[in-house]
Amino acid sequence: DSGVTQTPKHLITATGQRVTLRCSPRSGDLSVYWYQQSLDQGLQFLIQYYNGEERAKGNILERFSAQQFPDLHSELNLSSLELGDSALYFCASSPRIGAGSTDTQYFGPGTRLTVL
Amino acid sequence: GENVEQHPSTLSVQEGDSAVIKCTYSDSASNYFPWYKQELGKRPQLIIDIRSNVGEKKDQRIAVTLNKTAKHFSLHITETQPEDSAVYFCAASRETSGSRLTFGEGTQLTVNP
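Residue numbers (our numbering), protein chains in the order written: chain A, 620 to 735; chain B, 343 to 455.
So that you can see chain A by itself, here it is in the shape it has in the complex (with noise of 0.2 Å):
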């Protein structure tokens, strides 16, 4: 167990619909990175956030949205729901950013999306 932990583990859901992801960090990690994995794509980073704030973006489409919230969980949103966006997306994250180092990322469970 990482220590950090996804809900819900699955989702089924039709496309044209919008769902949202959570994602609670390790006790004391700042950082919150999420990544998608598909079958032809591999695992891909989306989107990370850091004390609340927009760090880095990745090959995020324009439909998906992220957010940190004061307690530092994350939401990932993804609205208009295509058949290509069924994936496995996880949440990992990491105690900060930098500071002359790179920090170990520890991944959550997963949350497996199927769009229908």
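Since the hints were derived computationally from the structure, they do not count as laboratory data.
Bear in mind that the values here come from a model prediction, so they are computed numbers and not experimental data.
Note that the Cβ used here is the ideal one computed from N, Cα and C, for glycine as well.
Worth double-checking, as some hints may not be accurate.
[As the list claims (entries may be wrong)] With a Cα cut of at most 27 Å, we get these calculated DSSO-like pairs of lysine-lysine:
1) K400(B) <-> K364(B)
2) K384(B) <-> K628(A)
3) K364(B) <-> K413(B)
4) K413(B) <-> K676(A)
5) K399(B) <-> K410(B)
6) K384(B) <-> K676(A)
[Said to hold, decoys possible] Facing chain A, according to a computed beta carbon distance under 8 Å, are these residues of chain B, among others:
7) R385
8) P386
9) D391
10) T444
11) E447
12) G448
[As the list claims (entries may be wrong)] Pulled from the structure, derived: some chain B residues nowhere near chain A, Cβ distances all over 12 Å:
13) K364
14) S370
15) K413
Using the hints provided, position chain B relative to the given structure of chain A.
Just chain B, lined up with the frame of chain A:
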């Protein structure tokens, strides 16, 4: 941006043999190189990592080597066991990119009893 290539995509070995997985990266500013093991449907689990100021790191049966000049790093697993069977991912990151990880495409390792 960073690009990480990983080889081979599949690797089958006999129990007790060694396994080697290789990765190359493109961004010379990358300074952190973790390896993750992922079992089917489970989360990626960190098994070992190396930073750019170190050339080699070992943890029991697992070792990682880094060649900064050639921009490649490798995972070595000795005395493989059936429970080592999984997908292994290499990754690279640099602090100035916000520490995002760029992953290789993964290697499916199968250890045959």
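- prompt: Given E447(B) as an interface hint, is the shortest Cβ-Cβ distance to chain A below 8 Å?
  reply: holds (5 Å)
field: Pairwise hint evaluation, K628(A) against K384(B), where the allowed Cα distance is 27 Å at most
entry: holds (11 Å)
Restraint outcome when G448(B) is required to lie within 8 Å of chain A by C-beta distance: holds (6 Å)
- prompt: With a cut-off of 8 Å, does the beta carbon of T444(B) approach a beta carbon of chain A closely enough for the hint to hold?
  reply: holds (7 Å)
query: Going by Cβ atoms, does K413(B) stay more than 12 Å from chain A at every point?
result: holds (17 Å)
task: Please work out if K400(B) and K364(B) have their alpha carbons no farther apart than 27 Å.
output: Roughly 16 Å separates the two Cα atoms, so the pair holds.
- prompt: Taking 27 Å as the top limit, are the C-alpha atoms of K399(B) and K410(B) close enough?
  reply: Given that 27 Å is the threshold and the Cα spacing comes to 14 Å, the pair holds.
Status of the hint placing P386(B) at chain A (closest C-beta pair under 8 Å): holds (5 Å)
- request: Check the non-interface label on K364(B): least C-beta distance to chain A beyond 12 Å or not.
  value: Nearest chain A Cβ is 17 Å from K364(B), so the label holds.
message: What's the verdict on K364(B) and K413(B), does the C-alpha distance respect the 27 Å limit or exceed it?
response: holds (11 Å)
- request: Would you settle whether the hint for R385(B) is holds or violated, based on the nearest Cβ-Cβ distance to chain A being less than 8 Å?
  value: With a closest approach of 4 Å, the R385(B) hint holds.
Pairwise hint evaluation, K676(A) against K413(B), where the allowed Cα distance is 27 Å at most: holds (25 Å)
No hint from the list above goes unmet by this structure.
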